[in-house]
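Protein sequence lines, in the order shown, are assigned to chains A and B.
The first sequence begins at 21 in the numbering used here and counts up one residue at a time.
The second sequence begins at 36 in the numbering used here and counts up one residue at a time.
Mixed in with the good hints, there may be bad ones.
Here's a subset of chain B near chain A, in silico, CB distances under 10 Å, partners left out [unchecked claim]: (1) P42; (2) V46; (3) V62; (4) S63; (5) Y67; (6) Q80; (7) K84; (8) K93; (9) A127; (10) N135; (11) G142.
What the hints contain is simulated information worked out from the structure, not anything from laboratory work.
Quick reminder that beta carbons are idealized off the backbone N, C-alpha and C, glycines included.
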Amino acid sequence: SAVISQKPSRDICQRGTSLTIQCQVDSQVTMMFWYRQQPGQSLTLIATANQGSEATYESGFVIDKFPISRPNLTFSTLTVSNMSPEDSSIYLCSASPRGHGGYTFGSGTRLTVV
Amino acid sequence: AQSVAQPEDQVNVAEGNPLTVKCTYSVSGNPYLFWYVQYPNRGLQFLLKYITGDNLVKGSYGFEAEFNKSQTSFHLKKPSALVSDSALYFCAVRGTSYNNDMRFGAGTRLTVKP
Chain A
21 SAVISQKPSR DICQRGTSLT IQCQVDSQVT MMFWYRQQPG QSLTLIATAN QGSEATYESG
81 FVIDKFPISR PNLTFSTLTV SNMSPEDSSI YLCSASPRGH GGYTFGSGTR LTVV
Chain B
36 AQSVAQPEDQ VNVAEGNPLT VKCTYSVSGN PYLFWYVQYP NRGLQFLLKY ITGDNLVKGS
96 YGFEAEFNKS QTSFHLKKPS ALVSDSALYF CAVRGTSYNN DMRFGAGTRL TVKP
């Protein structure tokens with residue numbers, strides 16, 4: 021199955037700043053997905069990123085707050101903009117390599133906003 | 036849209052006893068079903084999946100799950116629990132279209148006591 025490298029693994033950021041999270045897949049994938057996992061909770065889908073088009077956002081998430089780039093079939097970034105303490109979460113990217121059926125996940129980015 | 040329900044927030048079992056973590060799903064058409072495990076401060080680890088075929092699926096670390104279409108369930112089981120199985124378990128579902136995203140249940144915290 022595919023391997024996803026995600027960075028940074030963790031960061032502590034000041035409120036009002038922005039952080040960009042990167043994910044690199046070791047094979048080409050059509051769709052990449054970004055999730056958020058708030059402390060002690062399940063994973064919530066933020067958006068779906070398809071190469072060459074704008075990301076599709078789930079209810080409650082907007083592009084201005086979470087801009088996503090998908091410049092090619094192996095890479096994506098998620099930016100958390102104008103951060104507040106409520107944005108403190110684990111952010112995970114994932115992809116579904118062709119024929120795999122399931123998803124592979126990056127190791128996650130643990131974000132703390134102070 | 037697809038969804039899963041994990042009716043139990045917490046499952047406690049004694050080491051050596053069988054364990055079951057419950058999951059029911061809702062999806063249009065045939066489902067792809069998954070179990071993931073998350074250990075403290077670590078990423079999601081894939082346990083097993085049901086795509087098609089035999090309703091009893093065997094996965095990592097001695098876990099298995101039974102797909103029951105009539106009951107729309109996909110319960111995770113293990114014949115003999117280990118203390119090291121203590122973790123957070125997530126059931127997930129996606130549709131069979133290539134661009135279907137994966138939806139996660141709320142998670143069940145399994146505690147295995149010596």
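Status of each hint after checking the structure:
At about 14 Å, the closest approach between the beta carbon of P42 of chain B and any beta carbon in chain A exceeds 10 Å, and the interface hint on this residue is violated. Given hint, V46 of chain B at the interface with chain A, is violated; its Cβ is 16 Å from that chain's nearest Cβ, farther than 10 Å. At a threshold of 10 Å, the smallest CB-CB gap from V62 of chain B to chain A is about 14 Å, leaving the interface hint violated. Taking 10 Å as the C-beta cut-off, the interface hint given for S63 of chain B is violated, the closest approach to chain A being about 17 Å.
Annotation: interface hint on Y67 of chain B holds; nearest CB of chain A at approximately 5 Å, less than 10 Å. Among the interface hints, the one on Q80 of chain B holds; its C-beta lies about 9 Å from the nearest C-beta in chain A, closer than the 10 Å criterion. For K84 of chain B, the interface hint holds, since its Cβ comes within 10 Å of a Cβ in chain A; the closest pair sits about 5 Å apart. With a cut of 10 Å, the hint placing K93 of chain B at the interface with chain A is violated, because the nearest CB-to-CB distance is about 15 Å.
Taken as an interface hint, A127 of chain B checks out: its beta carbon lies about 8 Å from the nearest beta carbon of chain A, inside 10 Å. With a cut of 10 Å, the hint placing N135 of chain B at the interface with chain A holds, because the nearest CB-to-CB distance is about 9 Å. Evaluation of the G142 of chain B hint against chain A yields a held restraint, the C-beta minimum of about 5 Å falling below 10 Å.
Violation of the numbered hints given earlier is confined to hints 1, 2, 3, 4, 8; the remaining hints are satisfied by the structure.
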